[in-house]
Amino acid sequence: MMGKKREGIACSRCIYDSAVPNIDFDDQGVCNYCMQVDSLTKQYGTGHQKGIDELNSIIRDIKASGRGKTYDCVIGVSGGTDSSFLLAKAIEWGLRPLAVHYDNTWNSAVATENIRKVTSVLDVDLHTHVVNNKEVDDIKKAFMLAGVAEFDADTDIAYVQVIRSAAAKYGVKYIFEGHSFITEGISPVGANYLDGAYVGDIHDRYGEMKRSTFPNMTFFQFLKWAIVYRQKFIRPLWYIDYNKQQAQEWLQDNLGWKYYGGHHLENRASTFAHTVWLPQRFGTDYRNLTLAADARSGNKSRAEALEIYNAPVIPDGELVAYLKKRLKISDQEYDSIFKGPKRTFRDFKTYKKRFERLRPMFYILAKANLVPMSFYLKYCFPIEEKS
Amino acid sequence: MLRIRVIPTLLLQGESLVKTKRFGSFTYIGDPCNTVRIFNELEVDELIFLDISATKQKRPPNFELLQDIANECFMPLAYGGGVAKLEDAKKIFQIGFEKVSLNYASLMTPELVTQLSEYFGRQAVIASMDVKKNIFGKYQVMSSNGKVQTGKSPIEWAKELEALGAGEILITSIDREGSWAGFDINLVKQVADSVSIPVIAHGGAGKVEDIGSVVNEGNASAVALGSMVVFQKQGMGVLVNHPCEEELGRLIKR
Amino acid sequence: MIAIVDYGMGNLGSIQNMFKYIGVQTKITGDAKLIESADKILLPGVGAFDQAMTRINESGLRDVLDHQALNQKIPILGICLGMQLLTNSSEEGELPGLGWINAKATKIPAVDGLKVPHMGWNGVTQCWDSALIRDLPTESRFYFVHSYAVQVQNPKNSILKANHGINFDAAIEDGNIYGAQFHPEKSHKFGMQLLKNFARL
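Chains as they are written, first to last, in the numbering used here: chain A, 9 to 395; chain V, 7 to 260; chain L, 77 to 277.
Among the hints, a few may not be true.
Here are the simulated distance ranges between beta carbons [unchecked claim]:
(1) 127/L - 65/V: 30 to 40 Å
(2) 222/V - 213/L: 25 to 35 Å
(3) 329/A - 150/V: 35 to 45 Å
(4) 84/L - 354/A: 39 to 49 Å
(5) 144/V - 210/L: 26 to 36 Å
(6) 232/A - 162/V: 51 to 61 Å
(7) 124/L - 192/V: 52 to 62 Å
(8) 222/V - 98/L: 52 to 62 Å
(9) 326/A - 162/V: 44 to 54 Å
(10) 251/V - 26/A: 37 to 47 Å
(11) 134/L - 166/V: 34 to 44 Å
(12) 166/V - 251/L: 47 to 57 Å
(13) 316/A - 91/V: 50 to 60 Å
(14) 63/V - 178/L: 49 to 59 Å
These aren't lab readings, by the way, just hints derived from the structure by calculation.
Cβ atoms here follow ideal geometry from the backbone N, Cα and C, with glycine treated the same way.
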């Protein structure tokens with residue numbers, strides 16, 4: 009099981025241990041995930057002239073493709089550090105971005121305020137898709153009843169669908185993503201399954217409402233975005249130096265941005281997922297991703313990162329009360345949900361087999377940056393079953 | 007001296023917040039309680055909630071939802087939509103709202119306005135009217151979400167409402183609603199000049215300057231904002247916001 | 077524990093919520109024993125003077141409230157109509173008030189087109205120092221809704237003043253007895269500061 013504490017050997021450099029799926033250690037005790045990050049750093053020239061040159065060349069392409077259009081790139085914003093920083097950088101690079109936000113109606117006030125401050129100071133237009141709050145509540149409850157780990161999968165897939173739809177609407181080819189392997193590491197294969205069929209099937213089986221405003225992404229829509237619209241995903245933070253604390257300070261000083269307490273804590277649904285659902289129900293603590301990255305990059309000492317990780321996740325009591333009220337779940341029902349059977353994507357309809365069968369095609373698309381390489385690596389290969 | 011009030015006005019449809027255009031097409035804005043938390047952070051003067059489907063669906067207000075909303079708010083709250091009798095109003099005040107707004111009920115059972123204002127005090131009763139220009143360009147008070155003509159003119163109706171005991175008048179221009187084109191200053195001035203109770207202008211605000219104009223030229227005592235506080239800008243995404251206090255201070259008494 | 081007195085008049089939920097937001101335990105109660113056991117008392121009120129005094133007198137709470145206020149000297153805060161009840165009398169009614177502070181409530185005159193009730197956000201001026209108004213910014217504003225206004229006899233009892241046609245007392249203090257004419261529970265951070273100060277007394 010991903011992220012279980014203190015199991016077996018731990019990496020001598022970051023804090024991943026043998027509980028992490030597909031992990032390997034070399035003679036120095038350094039894990040393959042650290043090696044992967046090192047190799048990616050070299051490949052992309054992160055923080056070095058090679059990376060900067062590569063990024064500049066991409067920026068030139070973006071500007072060229074955007075000539076005569078209102079926007080030349082699309083950036084998904086959440087109010088969080090990475091996306092806010094990226095938006096500022098895009099302006100600095102002379103680009104004309106459209107900020108896009110999927111509002112699952114569970115945003116914290118801090119997040120919405122951050123989006124407002126950042127887009128207004130930088131003078132960037134904002135496109136949003138707001139799902140019907142009752143519909144999303146029905147979906148969230150369905151996920152809890154289904155007993156799967158991916159409590160926030162609906163937000164994740166809707167987010168991509170909304171960004172891609174916005175890019176298509178405004179005729180924009182380039183989509184910026186705020187992922188940074190330096191600050192977040194590489195998410196191990198096998199953690200968190202996500203596709204439109206999975207989300208749809210869970211809701212169909214355990215939900216009560218019909219979906220009408222929820223922007224799900226079907227297989228054919230996915231292909232349409234990649235092949236017909238040929239949208240390209242760019243990760244600028246893979247090329248330049250990026251330090252989260254420094255970014256946060258800059259955002260605070262220049263844009264009036266405010267910190268919300270932790271990775272993914274700007275939205276109440278993802279906060280519930282990370283601080284309650286995953287740790288309490290599945291024993292999974294995804295803080296190891298960012299903490300391992302901190303240790304790996306030297307941002308924190310390994311000892312410090314381990315100390316933080318070993319301290320228990322303290323959930324917000326108010327948050328659980330809020331969720332119970334919103335999803336109309338009684339205390340008894342909540343307890344029985346936590347005691348219920350656990351399921352995985354294997355128990356539901358997904359596109360997994362299809363992705364595996366079409367691996368060669370997705371390889372080509374990944375190489376051309378039309379689908380993320382991480383998608384190819386994660387979805388087009390069989391995922392080993394965990395005991 | 008009293009501030010000129012700037013009041014975000016939110017529309018409830020079922021248990022969702024929506025925004026309409028000329029009382030027609032609507033856009034989802036979000037979850038009511040979640041949205042209210044943000045307005046709380048923004049420290050707005052007051053909030054008005056209007057349930058636009060209660061009367062049509064012939065049902066009373068959603069008291070449970072209103073309780074949740076009231077629990078989040080540290081500023082005065084007004085509620086309108088489906089308030090048909092004294093008991094409804096009693097519950098709403100118990101829940102933690104300061105004012106109730108009567109629209110359909112004021113037309114069908116005007117004595118309710120008097121009853122509520124005598125029981126709770128004038129300051130607790132807002133009389134709300136929706137106005138549209140007819141094909142001859144004359145202002146008409148409409149009912150049932152702008153669908154039915156009442157045959158009344160805004161001025162005569164406003165005077166009647168004041169006499170009945172209303173504490174404030176919320177005047178909504180159906181033509182301007184959701185248009186970002188500015189308030190109908192002419193309409194607001196006509197009504198404001200004909201009564202001595204405060205008039206809240208609603209419908210059409212697109213920029214801060216519009217607020218200044220309707221107060222300084224239209225004699226509005228307060229402004230109700232719709233699209234301006236829930237969209238980033240005209241035609242763009244949903245984003246809860248509030249006009250900048252500094253700019254407001256330059257235009258009106260704050 | 078702060079007891080919020082429930083005598084059937086006032087938006088108690090909102091007051092409790094603001095206290096909860098600032099981390100203070102409160103209990104809404106109409107029970108004399110519970111009120112007696114409280115460290116502090118909050119007296120809310122929305123509506124008419126006589127109706128409120130009648131309810132208090134007939135609820136069986138009058139004795140315990142007098143005892144706590146005058147003998148035990150427990151900190152008591154009256155809000156809106158609650159503040160007017162602390163006085164000797166009000167022009168609005170016939171019955172005497174609680175008489176805990178030497179003051180009187182009179183009707184705000186609607187002269188020169190002034191709109192009554194005084195309803196809306198208004199600024200206040202600090203007159204006399206008090207723990208109740210500590211750390212309030214000079215630009216503080218509060219939400220008022222009232223047609224009758226209080227004026228204390230002893231200027232030292234007036235801690236905040238406001239103006240709506242006439243100058244009146246927005247907040248008053250006499251020993252352990254405090255009053256606020258505005259609604260702190262509807263006045264954002266300004267109200268929060270005031271309630272925080274009261275809780276800290």
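Against the structure, the hints:
1. 127/L - 65/V: 30 to 40 Å: About 32 Å separates the Cβ atoms of residue 127/L and residue 65/V, which means 30 to 40 Å holds.
2. 222/V - 213/L: 25 to 35 Å: holds (28 Å)
3. 329/A - 150/V: 35 to 45 Å: holds (39 Å)
4. 84/L - 354/A: 39 to 49 Å: 60 Å Cβ-Cβ, so the 39 to 49 Å window is violated.
5. 144/V - 210/L: 26 to 36 Å: Cβ of residue 144/V to Cβ of residue 210/L: about 58 Å, so the range 26 to 36 Å is violated.
6. 232/A - 162/V: 51 to 61 Å: Given about 58 Å between the Cβ atoms, the range holds.
7. 124/L - 192/V: 52 to 62 Å: violated (40 Å)
8. 222/V - 98/L: 52 to 62 Å: Because 38 Å falls outside the window, the suggested range is violated.
9. 326/A - 162/V: 44 to 54 Å: holds (51 Å)
10. 251/V - 26/A: 37 to 47 Å: Violated - the Cβ-Cβ distance for residue 251/V and residue 26/A, about 56 Å, lies outside 37 to 47 Å.
11. 134/L - 166/V: 34 to 44 Å: With a Cβ separation near 39 Å, residue 134/L and residue 166/V satisfy 34 to 44 Å, so the hint holds.
12. 166/V - 251/L: 47 to 57 Å: Holds, at about 51 Å.
13. 316/A - 91/V: 50 to 60 Å: Holds, at about 58 Å.
14. 63/V - 178/L: 49 to 59 Å: holds (55 Å)
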